[in-house]
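Novice: The residues making up each chain are set out below.
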Amino acid sequence: MKKEHKRKKVLVHGPISPQFVADSIAKHQSKTDIGAHSLFLGQIRADQKSEGLVTGIDYSAYEPMAEEVFHRIREAAFQKYDLTCMHLYHSLGLVPVGMISLFVFVSSAHRRAAIEAVDFIVEQIKKDVPVFGKELVGEADQYVWKENK
Amino acid sequence: MKKEHKRKKVLVHGPISPQFVADSIAKHQSKTDIGAHSLFLGQIRADQKSEGLVTGIDYSAYEPMAEEVFHRIREAAFQKYDLTCMHLYHSLGLVPVGMISLFVFVSSAHRRAAIEAVDFIVEQIKKDVPVFGKELVGEADQYVWKENK
Amino acid sequence: MQIQILYFGLLADRIGLSSETMDLTRSLNVSEFRQILLNKYPFLGGEKFKIAINQQLAAEEMDIPLQAEIACLPPFAGG
Amino acid sequence: MQIQILYFGLLADRIGLSSETMDLTRSLNVSEFRQILLNKYPFLGGEKFKIAINQQLAAEEMDIPLQAEIACLPPFAGG
Numbered sequence: 000m001k002k003e004h005k006r007k008k009v010l011v012h013g014p015i016s017p018q019f020v021a022d023s024i025a026k027h028q029s030k031t032d033i034g035a036h037s038l039f040l041g042q043i044r045a046d047q048k049s050e051g052l053v054t055g056i057d058y059s060a061y062e063p064m065a066e067e068v069f070h071r072i073r074e075a076a077f078q079k080y081d082l083t084c085m086h087l088y089h090s091l092g093l094v095p096v097g098m099i100s101l102f103v104f105v106s107s108a109h110r111r112a113a114i115e116a117v118d119f120i121v122e123q124i125k126k127d128v129p130v131f132g133k134e135l136v137g138e139a140d141q142y143v144w145k146e147n148k
Numbered sequence: 000m001k002k003e004h005k006r007k008k009v010l011v012h013g014p015i016s017p018q019f020v021a022d023s024i025a026k027h028q029s030k031t032d033i034g035a036h037s038l039f040l041g042q043i044r045a046d047q048k049s050e051g052l053v054t055g056i057d058y059s060a061y062e063p064m065a066e067e068v069f070h071r072i073r074e075a076a077f078q079k080y081d082l083t084c085m086h087l088y089h090s091l092g093l094v095p096v097g098m099i100s101l102f103v104f105v106s107s108a109h110r111r112a113a114i115e116a117v118d119f120i121v122e123q124i125k126k127d128v129p130v131f132g133k134e135l136v137g138e139a140d141q142y143v144w145k146e147n148k
Numbered sequence: 000m001q002i003q004i005l006y007f008g009l010l011a012d013r014i015g016l017s018s019e020t021m022d023l024t025r026s027l028n029v030s031e032f033r034q035i036l037l038n039k040y041p042f043l044g045g046e047k048f049k050i051a052i053n054q055q056l057a058a059e060e061m062d063i064p065l066q067a068e069i070a071c072l073p074p075f076a077g078g
Numbered sequence: 000m001q002i003q004i005l006y007f008g009l010l011a012d013r014i015g016l017s018s019e020t021m022d023l024t025r026s027l028n029v030s031e032f033r034q035i036l037l038n039k040y041p042f043l044g045g046e047k048f049k050i051a052i053n054q055q056l057a058a059e060e061m062d063i064p065l066q067a068e069i070a071c072l073p074p075f076a077g078g
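Chains as they are written, first to last, in numbering that gives the first Met the number 0: chain W, 0 to 148; chain V, 0 to 148; chain G, 0 to 78; chain F, 0 to 78.
Hints were generated in silico from the structure; no laboratory data involved. Computed from a predicted model, the values in this text were never measured in an experiment. For every residue, glycine included, the Cβ atom is placed at its ideal position computed from N, Cα and C. Relax, there's no trap hidden among the hints.
Partial pick of chain G residues on the chain W-facing surface, computed with a CB cut under 7 Å:
id: 1; residue: G8
id: 2; residue: L9
id: 3; residue: P74
id: 4; residue: F75
id: 5; residue: A76
id: 6; residue: G78
Anything over 10 Å on all C-beta distances counts as not near chain F; from chain V, calculated:
id: 7; residue: A21
id: 8; residue: S29
id: 9; residue: G51
id: 10; residue: F77
id: 11; residue: M98
id: 12; residue: F119
So these bits of chain W aren't anywhere near chain V, every CB distance computed over 10 Å:
id: 13; residue: K8
id: 14; residue: K48
id: 15; residue: E50
id: 16; residue: E67
id: 17; residue: A75
id: 18; residue: C84
id: 19; residue: H86
id: 20; residue: Y142
Take the sequences, apply the hints, and build the full model.
Specialist: Take a look at the structure:
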């Protein structure tokens with residue numbers, strides 16, 4: 000049994016900036032047992048809906064449960080794969096089209112563990128975390144509630 | 000048949016900086032058909048060898064052939080997966096421990112294509128590209144030639 | 000017996016409330032609670048939603064404990 | 000018949016050359032060329048290496064064409 004990892008807040012307000020991603024990467028340069036970083040970024044698409052073009056997503060969450068589920072996904076990934084570290088960030092509030100709402104960052108000594116862990120984590124997040132998205136469409140105040148497939 | 004994509008130089012001199020990664024991400028915010036970015040970064044590990052601790056890798060390549068093989072890997076990935084864009088960078092010359100020597104950046108409308116393509120591309124690069132690495136070890140001018148498994 | 004009910008996303012939107020408390024005359028399981036909710040808000044009939052008790056997804060046959068925090072969760076959209 | 004030979008990585012290091020030209024008295028296939036190389040540099044006997052002709056990996060039975068650029072490639076280490 001591995002030890003449980005420190006709880007970290009995953010939900011952040013607004014979009015995740017490329018600069019934040021860069022700073023996260025830079026912080027790992029002192030960890031010289033890492034050989035592979037695998038990163039996933041979810042970006043808001045300008046999908047065409049019957050009501051108009053998506054201009055952004057306004058995210059909300061059942062926050063305490065969402066944080067708890069993110070924590071369980073982290074622990075499950077650490078159990079399943081041989082990882083050095085893992086950072087998860089998900090936006091709340093408005094994220095305009097083209098901006099990033101999900102950042103999954105996994106590091107390992109070797110590439111396979113890092114790549115497979117990211118795949119696992121993203122799937123679990125889509126499936127299990129109580130995050131809700133209001134897709135803003137068109138010019139007026141119209142919206143459509145998003146639903147993961 | 001999809002069209003052939005523009006040839007881009009993959010080999011760059013020295014380490015790939017986190018800032019370069021951030022700038023690459025930022026450039027994609029205007030591409031509003033992208034929903035998922037998958038990134039892989041290879042970082043130099045301070046492995047313990049019998050000769051001492053690795054302090055860096057000095058990369059060389061059969062450059063024209065390496066660029067040609069990178070190009071073929073790009074084309075194969077575009078054929079195999081539904082991708083919006085793809086950027087590959089590999090270092091030449093000295094990359095110290097903790098620094099990044101490989102940056103694979105794939106974008107797609109959907110997560111599966113992006114994640115699977117990165118896996119495919121990294122495997123092909125390790126296997127097929129004529130890049131050579133001199134692992135510098137210990138204090139003196141010792142080194143060991145690296146070999147991908 | 001009092002329970003607190005939280006509504007999220009589409010459900011909060013349709014009902015016009017993000018939370019309310021209900022006084023139950025007897026203990027209920029999740030399925031019975033769901034039926035009370037649909038009687039109260041018949042326009043939710045077509046909506047899929049999961050129910051969490053104290054931040055854990057609950058099976059339909061699970062009994063709702065005293066002082067429970069019930070959350071009604073429409074389809075997830077994270078990522 | 001003249002061919003240009005390029006050496007990389009460990010091979011360039013061991014031989015002490017990054018390239019040389021050889022004048023062949025007859026046309027060779029890759030396997031025969033490899034044997035000539037090992038006769039010239041017997042200390043390469045224990046090393047694995049691939050041979051590329053004009054930037055394409057070549058099978059051992061392939062004939063080396065006129066004016067070919069031959070590259071001797073030790074194990075790859077990219078990534």
